[in-house]
Structures are given as C-alpha cells and as structure tokens.
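Enquirer: Line by line, the protein sequences give chains A and B. The first sequence maps to residues 1 to 325 in my numbering. The second sequence maps to residues 1001 to 1499 in my numbering.
Keep in mind the hints are simulated off the structure, nothing from the lab. Please note that a few of the clues may not be correct.
[To be verified] Computed list of lysine-lysine pairs in DSSO-like fashion (alpha-carbon distance at most 30 angstroms, straight line):
1) Lys1435/B x Lys1383/B
2) Lys1237/B x Lys1284/B
3) Lys1137/B x Lys130/A
4) Lys204/A x Lys1009/B
5) Lys204/A x Lys1378/B
6) Lys204/A x Lys1067/B
7) Lys1267/B x Lys1284/B
8) Lys1475/B x Lys204/A
9) Lys1386/B x Lys1019/B
10) Lys1475/B x Lys1386/B
11) Lys1386/B x Lys191/A
12) Lys1475/B x Lys1129/B
13) Lys204/A x Lys1129/B
14) Lys204/A x Lys1237/B
15) Lys1267/B x Lys1067/B
16) Lys1019/B x Lys1009/B
17) Lys1383/B x Lys204/A
18) Lys191/A x Lys1391/B
19) Lys191/A x Lys1332/B
20) Lys1383/B x Lys191/A
21) Lys1366/B x Lys191/A
22) Lys1284/B x Lys1227/B
23) Lys1376/B x Lys204/A
24) Lys1067/B x Lys130/A
25) Lys204/A x Lys1386/B
26) Lys1332/B x Lys130/A
27) Lys191/A x Lys1435/B
28) Lys1030/B x Lys1129/B
29) Lys1375/B x Lys1391/B
30) Lys204/A x Lys1019/B
31) Lys1475/B x Lys1497/B
32) Lys1378/B x Lys191/A
33) Lys132/A x Lys162/A
34) Lys191/A x Lys1137/B
35) Lys1030/B x Lys204/A
36) Lys1437/B x Lys1237/B
37) Lys149/A x Lys162/A
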Amino acid sequence: MAENPNNSAAAVSRDEELKRLSVMSTVRAVLPIVGLVLVFIVFNVLTAGRMMSNMSLVLSQVYVTLIASMGVFFIMTMGGLDFSQGSILGLSSIVVCAVSNINVPLAIVCGILTGAAIGAINGYFYVNRKIKSFIVTICTMFLFRGLIKYLTTNSPVAASAKIIMMDSTVLKVILTVVVLAIGFVAFNYTKFGIHLKAIGAGEKAAMFAGITTDRMKFLIYVLAGAITGLAAFVNVIKVGSATSNSGNQLETQILIALVLGGMPISGGAKVRFMNIIVGGLLYIVLSSGLTMMGFDTQTMQLIQGVVFLVFVAVFADRASLQVIK
Amino acid sequence: MSEIRLEIKDLCKTFGITKAVQNVSFNINKGEVHALIGENGSGKSTLTNMLTGIYSIDSGHFIMDGKEVHPKNQVEANNEGISIIVQELGTLSGLTVAENIFLGHEDMFVKAGIKNTNAMNRRANELLKEYGFDRIKASAYIDDYNFEDRKLVEIVKATYFKPKIVVIDETTTALSQEGREELYKQMDRIRSEGDTIIFISHDLPEVLEKSDTITVLRDGVYIDTVKSSDVTVDDLKRLMVGREVTGNYYRADYGEAISDEVVLTAKGLTVPGQIKDVSFTLHKGEILGFGGLSESGMHEVGKAVFGASYDRQGEVTLADGTHINDIPTAIKNSIAYTSKDRDNESVVMNQSIGENICLPSLDSLKGAGGLLSGKKMKDFADKFAKEMSVKMVNTDQFVSDLSGGNKQKVVLARWIGKDSDIVVLDSPTRGIDIKVKQDIYQLMDRMRKSGKSIIMISEELMELIGMCDRIIIMKDGEINGELMRSPEMDENTLIEKMV
Chain A
1 MAENPNNSAA AVSRDEELKR LSVMSTVRAV LPIVGLVLVF IVFNVLTAGR
51 MMSNMSLVLS QVYVTLIASM GVFFIMTMGG LDFSQGSILG LSSIVVCAVS
101 NINVPLAIVC GILTGAAIGA INGYFYVNRK IKSFIVTICT MFLFRGLIKY
151 LTTNSPVAAS AKIIMMDSTV LKVILTVVVL AIGFVAFNYT KFGIHLKAIG
201 AGEKAAMFAG ITTDRMKFLI YVLAGAITGL AAFVNVIKVG SATSNSGNQL
251 ETQILIALVL GGMPISGGAK VRFMNIIVGG LLYIVLSSGL TMMGFDTQTM
301 QLIQGVVFLV FVAVFADRAS LQVIK
Chain B
1001 MSEIRLEIKD LCKTFGITKA VQNVSFNINK GEVHALIGEN GSGKSTLTNM
1051 LTGIYSIDSG HFIMDGKEVH PKNQVEANNE GISIIVQELG TLSGLTVAEN
1101 IFLGHEDMFV KAGIKNTNAM NRRANELLKE YGFDRIKASA YIDDYNFEDR
1151 KLVEIVKATY FKPKIVVIDE TTTALSQEGR EELYKQMDRI RSEGDTIIFI
1201 SHDLPEVLEK SDTITVLRDG VYIDTVKSSD VTVDDLKRLM VGREVTGNYY
1251 RADYGEAISD EVVLTAKGLT VPGQIKDVSF TLHKGEILGF GGLSESGMHE
1301 VGKAVFGASY DRQGEVTLAD GTHINDIPTA IKNSIAYTSK DRDNESVVMN
1351 QSIGENICLP SLDSLKGAGG LLSGKKMKDF ADKFAKEMSV KMVNTDQFVS
1401 DLSGGNKQKV VLARWIGKDS DIVVLDSPTR GIDIKVKQDI YQLMDRMRKS
1451 GKSIIMISEE LMELIGMCDR IIIMKDGEIN GELMRSPEMD ENTLIEKMV
C-alpha cells in the first residue's frame, strides 16, 4: 500500500520511540542481575569476605524458598497471588514428620498430597466461588496456621531419624535443580507457559483463543501446593521437626524474592524465567548478608521492607497494571 | 450564523517523538456541527482530548468566545462549557446512574458537607425524563444497563448543563440505529440552541448528512475545512488518504449460487435473556450476515456458535455431526471467532503480536521432542502478520501498542494461521479506518472464494448489504426475516425488519 511521505516519517519516528522503549525494558531486565552482583560484592566487602567463605551455609537456606517459589512463580504469571505458601509448608512439614515414622517414601507423597489438597481449596474458592486470589489465600493462610498451632500445641512434631539422615547438600541441590529445570522447560517450551502468560495478560481474550482458563487456574493452585509439599520434605530433612512456626513468612519471602528478580507483580507476557533464579539468589544474599553484618531481625525486616518497596516501584508495569486477580 | 465559537491556533502535541498533532489551526463556528475526520492516527482524538483536558497541550492555544481556555482535566473543561462523549464506555461501574451523570459536580447537592442523594436522584430522573430516557432509573447502578443505555446516560452527562461545545468522539459506531437516532436528536437540539458540536466519525455518509462543516486531518496535519454541502464521500476519502481511493470497496458480484453443502447447522439456540430459538444453516463458501439493533441478540448468536455463551440451549452441529458446546472444541473443529469487544475478548492486550497469532496453533508449532520451537513460532507469526500486512516494528511488539485496525488484523492473522474453515466475525470493521476496512472486505472475499464460510455480524447495514450472500435480521432475540443478496437491496429494507 502506498504511504505518503508524512505518514512514513511518522512511522519512522514511532519506530525510534519503540526502540527506545525496548532499550528501557532491556535495562529493566538487566537491572536485577546487576543488583545481584553488586549486592554480593558489597556484602563481601562489608563482611571482609566471610560471605564467600560461608557460601554453603548461605546456600543451605535457599533450597526450600527456591522450590516453593516455582509454584508461586506460575501463579503470579497468570496474575494471581498466593499468601498461603507458609501455611502449606508448615502443615505439609507436620504430615511429612508424622508419616516419616511409618515410611519415608510415603511421607514424601503425603507431604505433596497435603500441599495439593490445600492448593485445591485455594483453587476452588478462587475459580468456582470467584473470590480474588489474595483474599482466598490470606484466609487459608490464617486457617491452616491455626491448624498447625493446634497440632503442635503440646510439642513439635518430630521426624523419624531415617528421614533426618537423608539430609545432604547433594540431595537438596538435585531436588531444587530438577524442580527448576522442569519448570524452565514447561514455562519456555510448552503450551503451558504460553497459556499461563496469556491468562496473565488478558484472561477473557485467552479464553476466546481456546484456553480453558478456569481449569488451568485451578490446576495451577493445586500444582503450587504440591510443589510446596515437596519443599516441605526438604524443610524436614534440614530441620528435623515441625513446630508451630514452620514455614512462617515463607509467602512473604517468596514474594520478595520474585519481585527482587524483576517479576512484574501483575504477571503476563513480561514474566521471564530468570526472575525466579535471580530473585531467589538476590533474596538469600541480601538476608544472609544482613545477618552476617549483625543486624537484628527487626532491623532486617525494616531494611527488607524498604528494598521491597523500591523494587516494586521500579518494576510495577503501570501501563498494564490491572487489578490482581 | 458564522460567529466564531472556538479558534484553534498552532496546536502541537507530541508523544515521545511521534508528532500526533502539528501546528493545527482552524476555526469552529457557533451553531454548527463541525465534523473532524481522518484515518486512524490522524490526530482527531488527540486534538479533542486536549480540548477536554484529557491530554495536556504542548504548545498552541484554544480560544473560546475570545477567551483562552486551558482545562487541566475533564471537570475543568465542563466548567468552561466543554464536554465529551467518548468512543468506548465513559461511565464508571459501581456507581449509580445519577452519580455518573453528576460525577465531579456533586457539589450542587452538597449542603453543610453532606450530599443529598435524594435531591441528586430527583434531578437525574428529571433530566432522564426530559431526554425521553424514562426507562433508565437514576438510583439504579449503571451496571444494570447495557452498553446502549449507558451511552444514553453519557449523552445526558455530557449535555445536561448546556455546554458551549460538545465533542462526540466515534460514538455512533458503537451504537445501534436506535441509539444513533437518539444521539442525532440531541445533536440537532444543541445546534439549534446555537451551541457547537465537534463530531468525530469514520462513517463518511453519516458525516456528510449530519455535519455542516468538515475539517480533515492527516498524520497530525491540518488538510482542509470544507462545507458538507459542497463535497461527496469520494472527495472526503481523497482528502483523508491523500490519493484517489480506487477499486471495489465491497464485493462486486451478484447472482452467484450458494453451494448446497451445509457446513454448520444451528438448531433452537436459546440463551436466557439474549436469544430465543434461533435456527439457521451455514453453507460452504457463503457469507451469512446477521443484522439488527445492537440488543437484538445478534452478537450473542456469534458467541453461541463458538461455544462461548453461558447457559446455552440448543445445538450447533458441523457437517460431520460434531457438536460444538465449548470454545476448545470449536477451535479444534476449525471455527474462528472475532469479538465485537476487540480489546477484551479478541486480542490478549499485554502480550506480543507473535504470541497472539500463535495462541490457538501451538500444537502445530512443536519441534523436536514435543517441545515448542521458538523459531517455528516466530516464522509462523511473521508469515501471517505479513500476510495481513500488520503495521508493526516486529512480532515481539505488544498488541497494546497497535491501533484498532491493526489489532483486528492480528486477530485475523491468528485465525488465518489456524486455517479455520468457519469464521464468525462480530463487528469486524468497528472503529476501523477506510484503508483497513477495504483490506478486511477483500480478505473476506478471498476467503469466501477459497471455500471458507463466514458469519458476519454487523451494525453497519451498508457492509452487510455489500458483503453478504444472505442476511438474517434479528429482532428481540429472534430471527425476524432473511434476505438474499441483490443489487436492489437498500438500508430501508433491512431497517423495516429490524424495528
């Protein structure tokens, strides 16, 4: 089609504008990695290299959070939120501990099933009863935290010696890598990932493109619960018992980690798998760095809160920000 | 008569480095309907959005009745005597009709810090009655009303305070004939009271009929101002596009026989509150039109065929006996659908053009090991975006950056890529400029010739008459007649059956 000169001039300037925008989005994409390197260097300097030498200790805290983040990553990609992760981890940990006294493989399976069951409850109220996901999951967070407290009133639930004996860095690394690798492939190279992003970017249109949005949303919550149920196993072999505080604030840690990794809070097409990896590492470096520098818990929370707010302010995609589902 | 109401002087607006409006100057008189026309992106809406305080002014002036106006928001614009009726929904959900009408002007009903809701509702009811919209109740929530009635509420909202200038931006394309008539009535009233209307529309015959003066913009530049009585539709097209528009706009053939092969049968389709007992057949290679008032249920017919209706009864059956009851089944069996609500139901706005095009075809884009191949997806998206000549930088660009016409092209590219045999197009050219419209008509004609079947649902009677082999007219949720393609058919034949 013939264009008049004016029109093509306008089109060229629009091209430039779009290129500028894409440069900006590249900056946003690179920023978390730069942040990770910077924070790592800063803490190593401040702690005179202690962080580097204690790397295995630093990393030992990352596994549970990283595994559990995987499910929440999927949930947030489709525009939802999940605040019940800590309670899922807690209750699943209790189940794993209790059943481990009977049979260890069965304990792992029961942990996963417990997580999946809570995920199904979240999914049911979110999808079938059409309640916003953050409200549903805040409710289940309190509900199951209450149950956890009740179950641990007299004493923590102790795990069997057999399961505690399994504690090894190799196992934890393998589990984490396997979960993330499956997540990576599913997210980038299957329909699953593209459908998730489409739901996050425009649910109704996704439905009209043939995606079974409701079923997908429900199953993602079940999946996220199941993954955290698996994380409970890792948690139990590390800690050896489940207390009333097991998994406390895991949901906030996950949320902070993902946002630190540059995850857009409303999900959608701008989500990158890198967000979860960089975010998880950044969070662990930040929190263990602060611990090593001798800050007390309260100050740490304060600092984390400020960092969180800054990152949300930087990464919130205001143009496409919709109500969180 | 020709007393100047508004002087526009050297107006400029840039977005980033895109010059949306460049040094535009012209005058608008009192007591006239002044149409503003131009293709998508020509700067019409940008200009009126500056006048009504939605956008800030980069440079230049608006001088109304000899005094410069520079509203910073819509409420200030209202206070200056300028109001606007926007293209899409301009009412706010969750508020009552009265609250919507008096939005930003609640002070009228506030005494000692307390809002007198009763007085507000009373006043709103009076206004609604005055306008003849009695069926709308002031105290009801706006959500209780359909698109059409909400537009009527907007008309009241924009005009009750006797503004000196009312901007009507692309409102008529979203309205049915009935709604348009109401709007025209109000336009006549405002004009006869000596006030001014700035009328933006893509519908050129409508522009010629309803306006006194027409100003043409192209790529943000002022082209010309003409008297409506001195020009023809072709003159306007030439001014807008900057060249002669040639070739057939609609398809030119008449008397071609429709194939006997039935590809889809709908039997007793009923959706509570929407459609009642709708039955029809769709033949191979035909364009079947659905016309009617916006609320006649014709839009729901499209959804019902695609399996997207909530609580549908009746049957949709394909030639091989497959029943279509949900969207995935419909897509799997080669049915495509483009919604009237393009931004919400057709394109995934915040996603790339490429993924939008690939979405229903992912199963065919797998590479080794059953995993999706990025290269295949890219090639697929590139191919069909190019085939539809989507104006874009590349397929990684987000759909939200595109104009309405280009969004529609992305949706069509998606279904052409899927090679759908039955295509349901609901208001395919709504709010789209001439050039893209022509592209879409030509595409439909090509598809028809290659044996695809099309259901075209439209509120634009001319395009139904111009494109369809058969037209089914809907009224109050039921089929109220069927017309065969003929050169003698005109709008009145259809309207008779519609109302």
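Enquirer: Taking the hints in turn, state whether each one holds.
Expert: Against the structure, the hints come out as follows:
1. Distance restraint check for lysine 1435/B and lysine 1383/B: the Cα-Cα separation of roughly 21 angstroms lies within the 30 angstroms cut-off, and the hinted pair is therefore satisfied.
2. A threshold of 30 angstroms between alpha carbons decides the hint, and for lysine 1237/B with lysine 1284/B the separation of about 35 angstroms lies outside it, so the pair is violated.
3. This hinted pair checks out: lysine 1137/B and lysine 130/A have alpha carbons roughly 29 angstroms apart, not beyond 30 angstroms.
4. With a C-alpha separation of about 44 angstroms, the suggested pair lysine 204/A and lysine 1009/B falls outside the 30 angstroms cut-off, and the hint is violated.
5. A hinted pair counts as satisfied when its Cα atoms are at most 30 angstroms apart, and lysine 204/A with lysine 1378/B qualifies at roughly 24 angstroms.
6. Straight-line distance between C-alpha atoms of lysine 204/A and lysine 1067/B comes to about 47 angstroms, which puts the hinted pair past the 30 angstroms bound.
7. Between the alpha carbons of lysine 1267/B and lysine 1284/B the distance comes to roughly 18 angstroms, so the proposed pair stays at or under 30 angstroms and holds.
8. Between the alpha carbons of lysine 1475/B and lysine 204/A the distance comes to roughly 28 angstroms, so the proposed pair stays at or under 30 angstroms and holds.
9. Using a Cα cut-off of 30 angstroms, the hinted pair lysine 1386/B and lysine 1019/B holds, with the two alpha carbons roughly 26 angstroms apart.
10. Between lysine 1475/B and lysine 1386/B the CA atoms are separated by roughly 39 angstroms; this puts the pair beyond 30 angstroms, and the hint is violated.
11. Between lysine 1386/B and lysine 191/A the alpha-carbon distance is near 24 angstroms, which keeps this suggested pair within the 30 angstroms criterion.
12. A C-alpha spacing of about 26 angstroms is found between lysine 1475/B and lysine 1129/B, which places the hinted pair at or below 30 angstroms, so the restraint holds.
13. With a C-alpha separation of about 37 angstroms, the suggested pairing of lysine 204/A with lysine 1129/B is violated against the 30 angstroms cut-off.
14. Of the pairs offered as hints, the one joining lysine 204/A and lysine 1237/B is violated, with about 36 angstroms between alpha carbons and a cut-off of 30 angstroms exceeded.
15. Of the supplied pair hints, the one linking lysine 1267/B and lysine 1067/B is violated, its CA atoms being roughly 64 angstroms apart against a limit of 30 angstroms.
16. For the given pair, lysine 1019/B sits about 16 angstroms from lysine 1009/B by alpha-carbon distance, which is consistent with the 30 angstroms threshold.
17. Proximity of lysine 1383/B to lysine 204/A is assessed by CA-CA distance (about 26 angstroms); at most 30 angstroms being required, the pair is judged to hold.
18. The suggested pairing of lysine 191/A with lysine 1391/B holds, with an alpha-carbon distance near 27 angstroms, which does not exceed 30 angstroms.
19. About 15 angstroms separates the Cα atoms of lysine 191/A and lysine 1332/B, which keeps this hinted pair within 30 angstroms; it holds.
20. This hinted pair checks out: lysine 1383/B and lysine 191/A have alpha carbons roughly 20 angstroms apart, not beyond 30 angstroms.
21. Only pairs whose Cα atoms come within 30 angstroms are accepted, and lysine 1366/B paired with lysine 191/A is accepted, the gap being roughly 9 angstroms.
22. Our distance criterion of 30 angstroms between C-alpha atoms is broken by lysine 1284/B and lysine 1227/B, whose separation comes to about 47 angstroms.
23. With a CA separation close to 26 angstroms, the supplied pair lysine 1376/B and lysine 204/A stays within the 30 angstroms bound.
24. Taking the CA atoms of lysine 1067/B and lysine 130/A, the gap is about 53 angstroms. The hint is violated against a cut of 30 angstroms.
25. Of the pairs offered as hints, the one joining lysine 204/A and lysine 1386/B holds, with about 26 angstroms between alpha carbons and a cut-off of 30 angstroms not exceeded.
26. Between lysine 1332/B and lysine 130/A, the direct Cα distance comes to roughly 28 angstroms. Compliance with the 30 angstroms bound is thereby established for this hinted pair.
27. Straight-line distance between C-alpha atoms of lysine 191/A and lysine 1435/B comes to about 35 angstroms, which puts the hinted pair past the 30 angstroms bound.
28. Simply put, lysine 1030/B and lysine 1129/B have alpha-carbon atoms about 27 angstroms apart, close enough for the 30 angstroms limit, and the pair holds.
29. Only pairs whose Cα atoms come within 30 angstroms are accepted, and lysine 1375/B paired with lysine 1391/B is accepted, the gap being roughly 21 angstroms.
30. A threshold of 30 angstroms between alpha carbons decides the hint, and for lysine 204/A with lysine 1019/B the separation of about 34 angstroms lies outside it, so the pair is violated.
31. Of the pairs offered as hints, the one joining lysine 1475/B and lysine 1497/B holds, with about 8 angstroms between alpha carbons and a cut-off of 30 angstroms not exceeded.
32. At roughly 15 angstroms between alpha-carbon atoms, lysine 1378/B and lysine 191/A fall within 30 angstroms of each other, so this suggested pair holds.
33. Taken as a hint, the lysine 132/A and lysine 162/A pair is broken in the structure, with Cα atoms around 42 angstroms apart against an allowance of 30 angstroms.
34. Under the criterion of a C-alpha separation no larger than 30 angstroms, the hint pairing lysine 191/A with lysine 1137/B is inconsistent with the structure, at around 48 angstroms.
35. At most 30 angstroms may separate the alpha-carbon atoms for a hinted pair to count; lysine 1030/B and lysine 204/A exceed this at roughly 45 angstroms.
36. In summary, the hint linking lysine 1437/B to lysine 1237/B is supported, as the alpha carbons are separated by about 13 angstroms, within the 30 angstroms threshold.
37. Under the criterion of a C-alpha separation no larger than 30 angstroms, the hint pairing lysine 149/A with lysine 162/A is consistent with the structure, at around 25 angstroms.
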